[in-house]
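Line by line, the protein sequences give chains E, Z, V and D. Anchor point for the first sequence: position 187 equals 187 in our numbering, and the numbering is continuous, going up by one each time. Anchor point for the second sequence: position 178 equals 178 in our numbering, and the numbering is continuous, going up by one each time. Anchor point for the third sequence: position 342 equals 342 in our numbering, and the numbering is continuous, going up by one each time. Anchor point for the fourth sequence: position 83 equals 83 in our numbering, and the numbering is continuous, going up by one each time.
Since the hints were derived computationally from the structure, they do not count as laboratory data. From a predicted model like this one, the values you see are computed outputs, not experimental measurements. Be aware that a few hints might be false.
Chain E is nowhere near these chain Z residues, computed Cβ spacing over 10 angstroms in every case [stated by the list, open to error]: (1) A175; (2) K192; (3) I226.
Cut-off 20 angstroms, straight-line C-alpha distance, at most; resulting in silico cross-link-like pairs (EDC-like, lysine to aspartate or glutamate) [as the list claims (entries may be wrong)]: (4) V:K277 <-> D:E324; (5) D:K308 <-> V:E262; (6) E:K21 <-> V:E324; (7) E:K308 <-> Z:E262; (8) Z:K21 <-> D:E38; (9) V:K270 <-> D:D314; (10) V:K270 <-> D:E320; (11) Z:K21 <-> D:E324; (12) D:K277 <-> V:E324; (13) E:K270 <-> Z:E324; (14) V:K277 <-> D:D314; (15) Z:K311 <-> E:E262; (16) E:K21 <-> V:E38; (17) E:K277 <-> Z:E324; (18) D:K270 <-> V:D314; (19) V:K88 <-> E:D66; (20) Z:K277 <-> E:D66; (21) E:K311 <-> Z:E262; (22) V:K21 <-> E:D66.
For glycine and all other residues, C-beta sits at the position ideal for the given N, C-alpha and C.
Number of protein chains: 4
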Amino acid sequence: MGGSIIGERFVAMSFGESHGKCVGIVVDGCPAGLPLNESDIQGLLDLRKPGQSVVTTQRKEEDKVDIISGVFNAHTTGAPICMLIWNKDSDSRPYEIIKNIPRPSHADYPAMVKYGGFADYRGGGRFSGRLTATLVMAGAVAAKLLKQTLGIETVAYTTEIGTVIASNITPANIATRYSNDIRCPDPAAAEKMKDMILQARQDGDSLGGVIECTTTNLPVGLGEPIFASLESDLSKALFSIPAVKAVEFGSGFAGSKRRGSENNDLYTTKNGKVVTKTNNAGGILGGLSNGMPLVIRIGFKPAASIAKTQKTLDISRKSEASLEVPGRHDPCVVPRAPPVVECVVSMVLADHAIMAGLIPSVLR
Amino acid sequence: MGGSIIGERFVAMSFGESHGKCVGIVVDGCPAGLPLNESDIQGLLDLRKPGQSVVTTQRKEEDKVDIISGVFNAHTTGAPICMLIWNKDSDSRPYEIIKNIPRPSHADYPAMVKYGGFADYRGGGRFSGRLTATLVMAGAVAAKLLKQTLGIETVAYTTEIGTVIASNITPANIATRYSNDIRCPDPAAAEKMKDMILQARQDGDSLGGVIECTTTNLPVGLGEPIFASLESDLSKALFSIPAVKAVEFGSGFAGSKRRGSENNDLYTTKNGKVVTKTNNAGGILGGLSNGMPLVIRIGFKPAASIAKTQKTLDISRKSEASLEVPGRHDPCVVPRAPPVVECVVSMVLADHAIMAGLIPSVLR
Amino acid sequence: MGGSIIGERFVAMSFGESHGKCVGIVVDGCPAGLPLNESDIQGLLDLRKPGQSVVTTQRKEEDKVDIISGVFNAHTTGAPICMLIWNKDSDSRPYEIIKNIPRPSHADYPAMVKYGGFADYRGGGRFSGRLTATLVMAGAVAAKLLKQTLGIETVAYTTEIGTVIASNITPANIATRYSNDIRCPDPAAAEKMKDMILQARQDGDSLGGVIECTTTNLPVGLGEPIFASLESDLSKALFSIPAVKAVEFGSGFAGSKRRGSENNDLYTTKNGKVVTKTNNAGGILGGLSNGMPLVIRIGFKPAASIAKTQKTLDISRKSEASLEVPGRHDPCVVPRAPPVVECVVSMVLADHAIMAGLIPSVLR
Amino acid sequence: MGGSIIGERFVAMSFGESHGKCVGIVVDGCPAGLPLNESDIQGLLDLRKPGQSVVTTQRKEEDKVDIISGVFNAHTTGAPICMLIWNKDSDSRPYEIIKNIPRPSHADYPAMVKYGGFADYRGGGRFSGRLTATLVMAGAVAAKLLKQTLGIETVAYTTEIGTVIASNITPANIATRYSNDIRCPDPAAAEKMKDMILQARQDGDSLGGVIECTTTNLPVGLGEPIFASLESDLSKALFSIPAVKAVEFGSGFAGSKRRGSENNDLYTTKNGKVVTKTNNAGGILGGLSNGMPLVIRIGFKPAASIAKTQKTLDISRKSEASLEVPGRHDPCVVPRAPPVVECVVSMVLADHAIMAGLIPSVLR
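Turn these sequences into a full structure, and let the hints steer you where they fit.
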């Protein structure tokens, strides 16, 4: 089906470009009868939008969602839900330069080759981080559906920025993760992260980081062996987020260094429910949810757009060129990414919950 | 399409169980005219099969591939290629115990719940590492196709076992990676890894590790934004391998700690070709191949089957139970995994190369 | 993927409702570099739109296409193309009555049950003939692509209205099929058909009919056995058009009454090209195009909306009810259907031509 | 996904060739817990197999099904079910001649072009009617599933052979449709049909015919608008059967000649259930099942293989050639087709019933 579609039963098709008329997404497979209006989506979009704090780009985008199909009398109808954001504050003039001079570590060069120069390069076009707004719109519907039908909730938060690592992550401070600009549950670490980002910006540079995501109340048995394991489908969706370069579940790479007797999770019961004493599996065994919290860690590379002048090539002439990356950019995309991760994970889980027959086709 | 199918143009459908009659896979979308016979596949199967060395399970499986459709006059016909291995050396009796007593950190418990007790639990059934033999069969076809049409080659090798980390990895020693039991290019590290595995086995325990995979000669522009980015589809396929819990591309999690100016790859030319001076992107930008070598690191958890007695539950009675995991097992699955990783990566790349129109539907 | 998506390489996802904000479609997989603007689509939409003649509904819909993504510098970019029509002349008030009282032979009743009363019933909602405008938009892109790259052309025309059957169908009068209101190549039959429709309308009744569709310049070998035979995918798409109840290829049902020696098409050469002396196969053998013109006949039922009062049920009370179907309707949908059929067939053929590797991913 | 796969939730992938080692099919998505063994499938295969009567080919094929995965303890496990038939009575020598000389109205010529001469042409290879045995295997599972869970039953029977048309078709004689060689409910017509077939064979010729198929106990609301309408998916599957050239639902082409007031089905109640007084819709409105019996008519062309010498071409030399079609053939394939049609329809309905959430993923 190509690359613009994701999901099997809760399906989304993305469209739009960073500096085109709009960015949008069509969601199909949402059961009829879910109460839904723009405000259910706008809240999450607002947490993602730029211009909110000193650590993000100062570009202002209103990012107002418009639902143009699939909702009637304030409920989903079972028909495809098309949601879009009309682009407004885009200034495409600075991007003329990158038509032939690819920005280092952006998609520009391979996109030039792949699309023979026809791709809309303005603002990164189809490869822009702006497209994550479409993931938020689709995922906001999924998140509401999962919450209302199965009580499933997904939270994502910053745990690392550059070399600063959060500690002291508790359910209580996860709940208030959006109260600081970094979206880090550990307020002390958040302060240091903020300083580090501001310093990087001052240096004309950028930073990367890590987001952790946990989901609670997952039923046992989501995931379809072999190729639609929960890890498979979650990673596929997460790697669709620009700048994500690493994904691990549970103890992940750290677990690779352990012995089985250290990493195995032993079964016991808690309040009559089967649980494991540890959760090194991150809630997934054999590609299936095992009823424990889903735990994912996602590594973001440092933003490729930096203010420093970089050496690159003029592809049209295959000659060296120097480039100051045009446009207004985030010195670190991680603080804007938690709502994106929450929404992407929700989309995948909604898809699997419907596949597993756990959500009816009409919510009465 | 559920979980048994992967790919869009080079499509594979898996079937079979660890202790059933066979394990098999049907591949569709391979162009007509590729010379193919059993020996093209058997070589890779032999590198995966158990019983080869002191670090693997002593279980003997002949693992002889049988091509039962899609090949005529020693060439592919364009029709689906069904390949299977008849199961032989399986002893299912020890597995009766796990019908109700799930092995820690195996799929047993979620599979019980998901399939209501109907799943074939013998030897792990559908969740067994034995199913990776089907990935090898499909991927061997893909690898041959990629090599013959585009000169693309994928190599995977062990870089970590437990806490031992290989260094000194060069093209030359990668080429001889299969010359030691660990499949590690660094012979000195391989020796330490072997000792560590033997020690773990002696302790009734197991180990995990890391495999690195590199692909050369990839054309620019493979990958379909947004949801079929090369990272998306590769990670989806890699997480279908049992025991994989982490995947990163290029500088991965390490890159998350860097500044943009350190992590960005600057363009230059080499022999008239556009290249980057570094390859922190691991060959993928914006989800598209950029012509540099593809670099992936894959984290495997320690084998869940250990000889030590573990505490678990009898699910039928929700009472505590002690379990000695039945069957004969690998103290570390990593040394058998490189051919699996090579084949899985080849499947995904063949799929994308066909999607991109780079491989004709008939090879003349 | 549910029912809103069609195609594999040239993929379309439909959204919108008859009386919602808009009807739209997103097309993905169109190669980059195809010159495209709204006028390429508007021409075909205009041939479909209502209010054009005495034989169609007097409802006025401007049906102006808006391309909101995927086109840059007047060429396709390789990104998804979202096209929509904002709804304007919709009067939903008359439809309140059908919320509980289903119109005979419309989708109302099964849709009520399927969507638990949440479906948008206004104007038929998602089941309205208005949705065929989205097929025209997607198909117009496909038709242009096929024409420009392979010279493939598809024409559809009315051959039967009620009991009037056209004869004397020649390439010359097919070329002028849009010159009469019925879109029938046989002008004399067209007059009789027009009278018959006007008589039916005067009687508060409606008529059905048959459309024939032929495609020339098809390359040999389109179609993917077994389940994506050309007949399979064409019929699937054609039965997505409301009111279509029958599809046949070549000699179709008439061929079922013949002997093999009468129905077989014998090979010969013409200008050095392999052709058949007759074309009872309608251009398809074994599900593959054989290089002869594709010939399809499509049967439309009489429009279900008639002015006459009909007996039906009030579903909410399971009591008898009489219904005068609300809204303004076509006494016969067939004259508006030829552009829809042309576009639907073009979509399927574009999909198969791309699958067969006959259209490159960039048009230079 | 190419052409070898059908279905979305109840998915089947076909493999094998007429004269290769086997023909087979893998079914995925069948719920766990369905009692299943070979005899559930063999009964339907036996009704399809050749050599049963004077009106079929005298070729003997045992056609014994072998289930090689997905069944454990005589129940489905939820894993893919691979079923195959090992080919036995195939004599490939006569087929050497068609390597370059295509049989008229067979797939030979387009297959030669499409696969560049690499296709397995023996016995028609992948295009052989023998592949319908795989449809029967998959559909037999679907039919059992539908019967056991929802009481849905599908019956198909011959209504026309050449110019002989059955009348007097009643539920009672439909129930005994397999009691005559023609599988025609009208015994008097069956006699005439038999004579007509024997005469055609004696003349070195062949005949076509029509099969009608009805399904009872369908729940209301199966079908997914727009592109997975029930008509869309049923026709797609039915046109995968070799020799099918026409499909109509309910009043079909005959309805195209009627007025709306004649063709509309008016609602009423029967035993408290909503029904229609007539069933011109054939049980489908707006692409959704409406609770009335599904009624489909399927037109088969006369068998392309006839004993008479036919003029054709030697493609390798583009010169005229005369051909006596090699092999042993049916003078009319229709009498062997009813079980195939029943099974194909069952596959589609099972897929839709699962999609609609009407069949649980475990049958307890």
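Hint-by-hint comparison with the structure:
Distance check for A175 (chain Z) against chain E: the nearest CB is about 25 angstroms away, which clears 10 angstroms, and the non-interface claim stands. With a minimum CB-CB distance of about 14 angstroms to chain E, K192 (chain Z) clears the 10 angstroms threshold, and the non-interface call stands. The Cβ of I226 (chain Z) sits about 5 angstroms from the closest Cβ of chain E, inside the 10 angstroms cut-off, so the non-interface label is violated. A C-alpha spacing of about 18 angstroms is found between K277 (chain V) and E324 (chain D), which places the hinted pair at or below 20 angstroms, so the restraint holds.
Between K308 (chain D) and E262 (chain V) the alpha-carbon distance is near 12 angstroms, which keeps this suggested pair within the 20 angstroms criterion. For the hint pairing K21 (chain E) with E324 (chain V), the CA-to-CA distance comes to about 43 angstroms; that exceeds 20 angstroms, so the pair is violated. Pair hint K308 (chain E) plus E262 (chain Z) holds up; C-alpha atoms about 12 angstroms apart against a cutoff of 20 angstroms. For the given pair, K21 (chain Z) sits about 15 angstroms from E38 (chain D) by alpha-carbon distance, which is consistent with the 20 angstroms threshold.
With a C-alpha separation of about 14 angstroms, the suggested pair K270 (chain V) and D314 (chain D) falls inside the 20 angstroms cut-off, and the hint holds. Taking the CA atoms of K270 (chain V) and E320 (chain D), the gap is near 12 angstroms; set against the 20 angstroms cutoff, the hint holds. With a C-alpha separation of about 43 angstroms, the suggested pair K21 (chain Z) and E324 (chain D) falls outside the 20 angstroms cut-off, and the hint is violated. About 18 angstroms separates the Cα atoms of K277 (chain D) and E324 (chain V), which keeps this hinted pair within 20 angstroms; it holds.
At roughly 23 angstroms between alpha-carbon atoms, K270 (chain E) and E324 (chain Z) are farther apart than 20 angstroms, so this suggested pair is violated. A C-alpha spacing of about 15 angstroms is found between K277 (chain V) and D314 (chain D), which places the hinted pair at or below 20 angstroms, so the restraint holds. At most 20 angstroms may separate the alpha-carbon atoms for a hinted pair to count; K311 (chain Z) and E262 (chain E) meet this at roughly 13 angstroms. At roughly 15 angstroms between alpha-carbon atoms, K21 (chain E) and E38 (chain V) fall within 20 angstroms of each other, so this suggested pair holds.
Simply put, K277 (chain E) and E324 (chain Z) have alpha-carbon atoms about 18 angstroms apart, close enough for the 20 angstroms limit, and the pair holds. Taking the CA atoms of K270 (chain D) and D314 (chain V), the gap is about 14 angstroms. The hint holds against a cut of 20 angstroms. Between K88 (chain V) and D66 (chain E) the CA atoms are separated by roughly 18 angstroms; this keeps the pair inside 20 angstroms, and the hint holds. In summary, the hint linking K277 (chain Z) to D66 (chain E) is not supported, as the alpha carbons are separated by about 44 angstroms, beyond the 20 angstroms threshold.
Proximity of K311 (chain E) to E262 (chain Z) is assessed by CA-CA distance (about 13 angstroms); at most 20 angstroms being required, the pair is judged to hold. At most 20 angstroms may separate the alpha-carbon atoms for a hinted pair to count; K21 (chain V) and D66 (chain E) meet this at roughly 11 angstroms.
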